[in-house]
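> One-letter residues, chain by chain:
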Amino acid sequence: MKETPLSNCERRFLLRAIEEKKRLDGRQTYDYRNIRISFGTDYGCCIVELGKTRVLGQVSCELVSPKLNRATEGILFFNLELSQMAAPAFEPGRQSDLLVKLNRLMERCLRNSKCIDTESLCVVAGEKVWQIRVDLHLLNHDGNIIDAASIAAIVALCHFRRPDVSVQGDEVTLYTPEERDPVPLSIHHMPICVSFAFFQQGTYLLVDPNEREERVMDGLLVIAMNKHREICTIQSSGGIMLLKDQVLRCSKIAGVKVAEITELILKALENDQKVRKEGGKFGFAESIANQRITAFKMEKAPIDTSDVEEKAEEIIAEAEPPSEVVSTPVLWTPGTAQIGEGVENSWGDLEDSEKEDDEGGGDQAIILDGIKMDTGVEVSDIGSQDSEEEEMIILEPDKNPKKIRTQTTSAKQEKAPSKKPVKRRKKKRAAN
Amino acid sequence: MAEPASVAAESLAGSRARAARTVLGQVVLPGEELLLPEQEDAEGPGGAVERPLSLNARACSRVRVVCGPGLRRCGDRLLVTKCGRLRHKEPGSGSGGGVYWVDSQQKRYVPVKGDHVIGIVTAKSGDIFKVDVGGSEPASLSYLSFEGATKRNRPNVGDLIYGQFVVANKDMEPEMVCIDSCGRANGMGVIGQDGLLFKVTLGLIRKLLAPDCEIIQEVGKLYPLEIVFGMNGRIWVKAKTIQQTLILANILEACEHMTSDQRKQIFSRLAES
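Line order of the protein sequences matches chains A and B. The opening position of the first sequence corresponds to residue 1 in our numbering, with each subsequent residue numbered one higher. The opening position of the second sequence corresponds to residue 1001 in our numbering, with each subsequent residue numbered one higher.
The shape of chain A in the complex, shown without the other chains (with noise of 0.2 Å):
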């Protein structure tokens, strides 16, 4: 797939947030993201996380026979990968440039600054030394690649450890990990890389730049140290020119982020160490935290009922109380009676309002009561219907339905209020 291409809106609101000093997540200028390093349960497998971007660094290790010009010394390669899962635009094949640049990148960084002893890698001179293969893959990108693979890189190397190898005299004896401890690489310092990004030719500077931020980018600036603060490699990419100044500024910087980032590295190898030691579970599923989606349920959040009570009170005391409603039969003749009033007699009103309408009315809104029938008494009326003619009872409610004006009261309303019984006209002060 090509990359998603960057539209106008982006890459101008990200250019005046950044003159405005605002980073998309709401870091500072000179803030990294938060690094997870997380081990697996083999010696050599970790998974370091710079914000979303997550790479996985493997270690592993070969006897073989040493190159011709180098016989005392082991052999190290490395190896980056941008697997597909990382970004929609990485397909095999694809993505060469960039990963060129990062592997030479890798590559000049680490084995160029000699921070693996070599010699200690070779077993027997001339014939068979260890091969130290470091496979680092991209598993998500979200910005600042070169700085994610260059801590997993190291931070795996660190945590490695190869089989105890013994030599007597002719004899070299290899031990599996049950007969001897495997013992760790002897590693002489740490490097680090840290990446600057470039705007507006470079006005305005940023650490750890994000995946948006790099699209935006003017140049960047690769600066690799350990925290002795030797600069083991520098690069400057994208064709912007740096002043002198700016480059010193940005390794003081450099100097300091990679101090914390050391600090870091020996405090999460250190807390390996001792959940090993102590015998507790360790490995991914451990320490990789498990996210919930809740994208799926419609969760309704609780209404805040700490002042519910106080309100309540105040309705209770300011409204009226509630009218007394007894509801007794009235027993029309044997075996007919009704509860309660009945259903409003809706032919009546339309009489009643053409007429006002025709009057020249206002707005009016008419509201009938008691929507419920009193079907159950009255089917037994209209059972006896089919048969021989019975006494019919008609259940009347009452005729006059009430009508409630936005104008001023008539004579008419109040009339209706007086024909109705107690009851009804209570009720019909407290609906108002």
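In case anyone wonders, no lab produced these hints; they're calculated from the structure. Be aware that a few hints might be false.
[Stated by the list, open to error] In the DSS-like style, the derived pairs of lysine-lysine whose C-alpha atoms are separated by at most 27 Å in a straight line are:
1. A:K297 x B:K1124
2. B:K1107 x A:K297
3. B:K1082 x B:K1240
4. A:K311 x B:K1264
5. B:K1082 x A:K297
6. B:K1113 x B:K1124
7. A:K22 x B:K1240
8. A:K267 x A:K227
9. B:K1240 x A:K297
10. A:K52 x B:K1199
11. A:K311 x A:K52
12. A:K101 x A:K252
13. B:K1240 x B:K1264
We have chain A; now place chain B onto it with these hints.
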């Protein structure tokens, strides 16, 4: 001895098809087969059980069940093609057996006809635009499918477009338009110049677009804003200042993993400041 043999045969054959009704709300994996309700009676408890043939041809109650995303018809059964939770919706008007679908989480968008999406114009060629919608191919958008289209008011390369798909299947290049069937824009067209575009998962978009979504109501009370949701996982948001826009973008992205309590806390804190 027939029963143990038949049980052994079933276990050899692999997982038996389960009734869809019993699996509702549970996680299903691709490759599972599900039985629809009327087939359960036919299958019976022990699988292929012999039944006496009924002489009166009872019209088998064929209910029309709709197969939603994540499911596919496989003979008489439903075959699961995505992993997620199985859901069912009862039919509203009473005809048919309702809809079954799988709620799955996904970030890559696959164009579907009728979806409203936000696209980025990548190229002009002939009299169509090529618009990137996040799928495997760029969609084509004709010059004339805007309301009031003239030579002057055309989108440029790099602009954001809100439109809907008229053709979207796996065999053809997707095509989109920015007018509805009556020829009116109805909110579609070029999206304004400022504002921020960001990407979220497809499940979150569906949740935000559900009717009565609380998140949107609460966000609307915070700041005045303009917001456009594309079903391809893209959201465009614009508020008065850059700071507010960034806050809104971060909140919407974080809603993926926040519970409603955490969200309420964040909103109350923002409302105070």
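> To test your reading of the hints: which numbers does this structure violate?
Of the numbered hints given earlier, those the structure breaks are 1, 3, 9, 11, listed in rising order.
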